[in-house]
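J.: Please arrange chains Y, X and D on chain R, whose structure you already have, making use of the hints.
Chains as they are written, first to last, in this note's numbering: chain R, 946 to 1308; chain Y, 946 to 1308; chain X, 946 to 1308; chain D, 946 to 1308.
Everything labelled a hint here was simulated from the structure, so no lab data went into it. Treat each hint with caution, since some may be false.
[What the hints assert, rightly or not] To spell it out: a stretch of chain D is covered by chain X in this simulated footprint if at least three of its residues, at any positions, have a beta carbon under 8 Å from a beta carbon of chain X; those stretches are:
1) 1044 to 1053
2) 1065 to 1077
[As the list claims (entries may be wrong)] In silico contact screen, one side only, chain D against chain R (beta carbon under 8 Å); selected entries:
3) Thr-949
4) Gly-964
5) Asp-972
6) Pro-979
7) Gly-1017
8) Tyr-1058
9) Arg-1270
10) Phe-1301
Since the structure is predicted, the reported quantities are computational estimates derived from the model, not experimental observations. Ideal Cβ positions, reconstructed from N, Cα and C, are used throughout, including at glycine.
Protein chains: 4
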Amino acid sequence: MKNTIGTSVQLTVFGESHGPAVGVVLDGLAPGIPVDEAYVAGWLSRRRPCGRTDTARAEKDDFRILSGVRDGRTSGSPLTIVIPNSDVHASDYAELENIARPSHADFTAQAKYHGFQDRSGGGHFSGRVTAGIVAAGAICLKALEARGIIVGTHILKCGGVCDAPFSDDCVPQIRLLEGKTFPVIADVGEAMEAEIAAARAAGDSLGGIIQTAVAGMPAGVGEPWFDSLEGVISRAVFAIGGIKGIEFGSGFAFGIMRGSEANDAFRMREGRVVTETNNSGGVNGGISNGMPVVFNMAVRPTPSISLRQRSVDFVRGEDADIEIRGRHDPAIVRRICPVVTCLTAVVLCDQLALRFGTDWLAP
Amino acid sequence: MKNTIGTSVQLTVFGESHGPAVGVVLDGLAPGIPVDEAYVAGWLSRRRPCGRTDTARAEKDDFRILSGVRDGRTSGSPLTIVIPNSDVHASDYAELENIARPSHADFTAQAKYHGFQDRSGGGHFSGRVTAGIVAAGAICLKALEARGIIVGTHILKCGGVCDAPFSDDCVPQIRLLEGKTFPVIADVGEAMEAEIAAARAAGDSLGGIIQTAVAGMPAGVGEPWFDSLEGVISRAVFAIGGIKGIEFGSGFAFGIMRGSEANDAFRMREGRVVTETNNSGGVNGGISNGMPVVFNMAVRPTPSISLRQRSVDFVRGEDADIEIRGRHDPAIVRRICPVVTCLTAVVLCDQLALRFGTDWLAP
Amino acid sequence: MKNTIGTSVQLTVFGESHGPAVGVVLDGLAPGIPVDEAYVAGWLSRRRPCGRTDTARAEKDDFRILSGVRDGRTSGSPLTIVIPNSDVHASDYAELENIARPSHADFTAQAKYHGFQDRSGGGHFSGRVTAGIVAAGAICLKALEARGIIVGTHILKCGGVCDAPFSDDCVPQIRLLEGKTFPVIADVGEAMEAEIAAARAAGDSLGGIIQTAVAGMPAGVGEPWFDSLEGVISRAVFAIGGIKGIEFGSGFAFGIMRGSEANDAFRMREGRVVTETNNSGGVNGGISNGMPVVFNMAVRPTPSISLRQRSVDFVRGEDADIEIRGRHDPAIVRRICPVVTCLTAVVLCDQLALRFGTDWLAP
Amino acid sequence: MKNTIGTSVQLTVFGESHGPAVGVVLDGLAPGIPVDEAYVAGWLSRRRPCGRTDTARAEKDDFRILSGVRDGRTSGSPLTIVIPNSDVHASDYAELENIARPSHADFTAQAKYHGFQDRSGGGHFSGRVTAGIVAAGAICLKALEARGIIVGTHILKCGGVCDAPFSDDCVPQIRLLEGKTFPVIADVGEAMEAEIAAARAAGDSLGGIIQTAVAGMPAGVGEPWFDSLEGVISRAVFAIGGIKGIEFGSGFAFGIMRGSEANDAFRMREGRVVTETNNSGGVNGGISNGMPVVFNMAVRPTPSISLRQRSVDFVRGEDADIEIRGRHDPAIVRRICPVVTCLTAVVLCDQLALRFGTDWLAP
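Pulled out of the complex, with its shape left as it was, chain R reads as follows:
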């Protein structure tokens, strides 16, 4: 499946950082879903670099819908979005082409593509490709919202600063995040941004932890074994460069819990089955239980730092130092949030279409 994910609703990504364009094909989404270009642009702007925490590269995200939309609604045919590249400084990258940037994909791409890969700006490995995911996911978000399902992601931790986690009543928190450029729930944005700026000043970068919540998910979606909700979401988010871990509900904290603390007691509330706690993160046995689906992801520090690093020249096969110039994000935690939100929306549309049929999301 390589660059395609999904079963009933499928997303295919393409493009390289310094090629003509990046883009996506979103196939299988129900017909009749409104496609609001301003709304899509809004999500793209959340992913775009801005301010002191991001790369100085000025990305424009003028996207063009090539197929699949008629009179402002999905037609049911594959929906293709192309986002042309611009502001490309290829020369930033030229000189270090054969020296592998540590913890980047330069060396592994060489092992796989034998030198034919496009290396400018990361090529197809570039985070630039996620712009297409955001555009496709924004359309899916709208479709989900019409069924009462909303998704949000915030920075839970960065540079030692912690945000408030999602509570079980996460709807207002998700709504709050929709309006924010720097996605945090509590009043910790400035402190985080200061930490990121400090790392940048030191020629260094920062990692962090981000958290996603899905509210309104009906119970009974997902599968035991290989199509567990945890499994399909994980496979999707690990596509995003920099994500190196995922945990659902209490996740790694389960490691120091007893069952009596960890179990989520069931109760009836207004005729619905709910759980008193949500340590399970909304999923039991791979299937949604109707509580918010909540998961945290570990984001590694941006590997592109300006400090001198030890590496190898993978063509000559000898040790070589490297200093990465270019313009890079000192932390991607902010920009990765809309990507995860949007990719999650794609995965959920797929799961819902599988469970309830291809028309379930249609108006």
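T.: Here is chains Y, X and D on its own, set in the frame of chain R:
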């Protein structure tokens, strides 16, 4: 794909805890791979309950190969293994059928299967199904070993007791684990077992963290985006009940790191490219870099505890308390280790067959 | 996908002719569908050799359901059916092991499996494997029937004798066929059987053409491009050994038609859109149009004939003659009909579950 | 999978006839394969309408490669080709929007997409989408040729005129076809074109039969059961609008053969196993046997004819007559040949990559 995983090498699981049998179909494995039934039985015995840390249910794992093996070698046709069930006490479960066990799949199964699901002993959600995964994976382990690739899993943490983590030179550690009933690297087994026994005595259960390492993986396997090694491994392991988190390399610890600490410097060693550290867990850009592939998984405490719990009767739609009798593991960290090792072996065989062709693992 | 077909409802086949058993895993079928073992046995008996037109091998089809059924209904978990092999005369095959039977898979299996394949009785290539397909498909047929969809297959042509084709009102024809051992619509069974017997007497075999009709299919199922109904049905039926061609509606006769003859005029009938003719075979643009889905399949003469044939010894790499003894069908057209009917039912359940959700076939 | 086909090499199609563009994403092709834009343009020109047998619509096929190519070679990343639409006369179609054109997908699209589908010019159902398939397939053809595998398609029969079929030594025939605008082997082109022109003059259209041969295919590619070469090729070609039947080798002629005529005797020739005849069309048991893979396809007469036809208004639900104006091909047999050749090349690249690994087609 539901109960099937893989692209070139595919594994399908079937069976219920209290039905006639559990089993697997392993399809696409290269022809000519030796199938050593004693070796398979050895792996099944590692998964079997034993001693004071596990359920008192005496599982026999007399497996039978129904197809795909000829003269002690794989024939290239689908390999089917059936493991009959025995020692089933259905009465243990009968009385609580409509009261959802907290953090079990009882309620979500009801939402999905509307009462037609087999509820005895967890039915198809039972960990019993993993016996088939172990049997199939044991055959894959042998195939990998013939290509110099070995896999091991140990309990990194349980009940506050920590094991030594895998080092970059993990081959002797993996070899050490192969001979152990209680899979730990350092001399911490007794302390962990004592913690588990204490939880059992309290009518409670324990979670933990387990760690897997793959040594000998060639560089250049896996894909950027949706077939990343992290993604395909995650999707697989989240099939295993109780696993609620996964992290590769430094994982969530990246959240408090700077890039200068996190990056793995490349160096030439004896003509090969290696990294000085392995924070990346052997994967860059979704593709193996030739270092050990290392990942940790969070295991929740067994939800079946004998303490009284609050729940609901999901047929009557009313609150109801529950006391779970039956025989249950107070911690599954020990038994889950061979399951993860074997399932990882299946995933790796699939990735290698995709990359190098269906004959690559053949003799 | 190899031995697995389907997206939402998936069928996996396994087993070898002379191994312990053949069987299937049917995954994803809705919960609550009645599983009537006598009905399944009835379909298996239609596939079984009998009378003068078939092999003398006495196949017993005592099947056993290993999983996925509870209280006589599907549970929603993978449904596994095992059919043990018996009456195996391995010695029939021993002597000619390295001489490729013309138009059999002996040589291609060697090219693929390098000698590790199970060669007794055709191994995994044997028509014996279709017994499992029939058992699984019989369950699907029942599920479809509850939604008003019925499927039937008959011998359209064999040995120069022609049956009446399905008419647009094919429901009574399909019902008629359900009760027949030798599946023909008109009174041509004896003439066909006589032709088959004559071929057998000559140490030879016969091919033929079979025809399938699906009545009651709702309009709007299938996809343009790669999931066309024609495409998914074709992929499935070409799995059946001996089928070498498929045509939908007028098929190859379109080659000598003009558009004005070929087009199916639409009309309203009792509030429903119908077509006056059904040259399209119920499918336009890959999607069902509500008319019967009708397709013909070419069946090659059984390659196992007792006449002496020219061949090669593929181990020694030299020319060699071959005389095939064993017991073989002089024509498989009769026995292949229930296989196609049942496999079509599996494919339709998959398409309907994709289109309308996994519960659509549930009671 | 809908608009995506393949396992290791995957093709995704998108676009509508009167939208901004049609195109494809070709993913998984080996890195380093030369991409010769003039060669691609040559194949596109073979698909383009020309002369008296085709639509008067002047299609330009100025394609643009958006990703996946670097320095004139595949990079290993998804290769995206966009072909903008031009010369669109939407008004040709406007007036008959709610009256279903007989044997077109108008009514089935309505049943599936509920009125949201793009109906102009057939929308996503248009043959225009095949331009992308041709462009992608042309690149695959070059990759195959470098491994000694070539593919060709010709019109076997149209308007009562028959071409010479492929012989077992089909390499010179395939080479001959490469240079022809009207793809026939014998000197029958003018006679066929005259028949097509006559049908056009009568306001009518013609069907036909086309034939494809693949020379140089190594033995041992394909699978028994659901990934048979016949099955995967069929699924692909039924995506092409107008194809309603496929047969391999002798196909439907098997229906009147005896086994002794039908079987292909094996012989050693210059150290290779060959068959004396090729009734099997190069495939035994789903797996290539090293002989040419040969298959015929039935092509229905173009449903768009200018004669008055009976139909329904599917919005008002009433009978209505229709006269189709627009500009249409009176026969698509000529233009469909390069589409089948190119799509077959994609399928073969996928099968070869699965069998021998992703690098097998690399230089």
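J.: May I ask you to test the interface hint for Tyr-1058(D) with respect to chain R, counting a Cβ-Cβ separation under 8 Å as satisfied?
T.: holds (4 Å)
J.: For the restraint on Gly-964(D), tell me whether the closest CB of chain R is nearer than 8 Å.
T.: At 5 Å from the nearest chain R Cβ, Gly-964(D) passes the 8 Å test, so the hint holds.
J.: For the hint on Arg-1270(D), just tell me whether its beta-carbon gets within less than 8 Å of chain R.
T.: Hint on Arg-1270(D): violated, closest Cβ of chain R at ~22 Å, above 8 Å.
J.: Once the shortest beta carbon distance from Pro-979(D) to chain R is found, is it less than 8 Å?
T.: violated (11 Å)
J.: Under a C-beta cut-off of less than 8 Å, do 3 or more residues of the segment 1065 to 1077 of chain D approach chain X closely enough to confirm the stated coverage?
T.: holds (count 3)
J.: Can Asp-972(D) be said to touch chain R, with a Cβ gap under 8 Å?
T.: Result: holds, 5 Å to nearest chain R Cβ.
J.: Restraint: Gly-1017(D) near chain R, CB-CB cut 8 Å. Satisfied or not?
T.: Constraint on Gly-1017(D) not satisfied, violated at 10 Å.
J.: Counting residues of the segment 1044 to 1053 of chain D whose CB is closer than 8 Å to a CB in chain X, do you get three or more?
T.: holds (count 7)
J.: Under 8 Å, Cβ to Cβ, is where Thr-949(D) needs to be relative to chain R, so tell me if that hint holds or is violated.
T.: Since the shortest Cβ distance to chain R is 6 Å, the answer is holds.
J.: Once the shortest beta carbon distance from Phe-1301(D) to chain R is found, is it less than 8 Å?
T.: Constraint on Phe-1301(D) not satisfied, violated at 16 Å.
The earlier numbered hints that this structure contradicts are 6, 7, 9 and 10.
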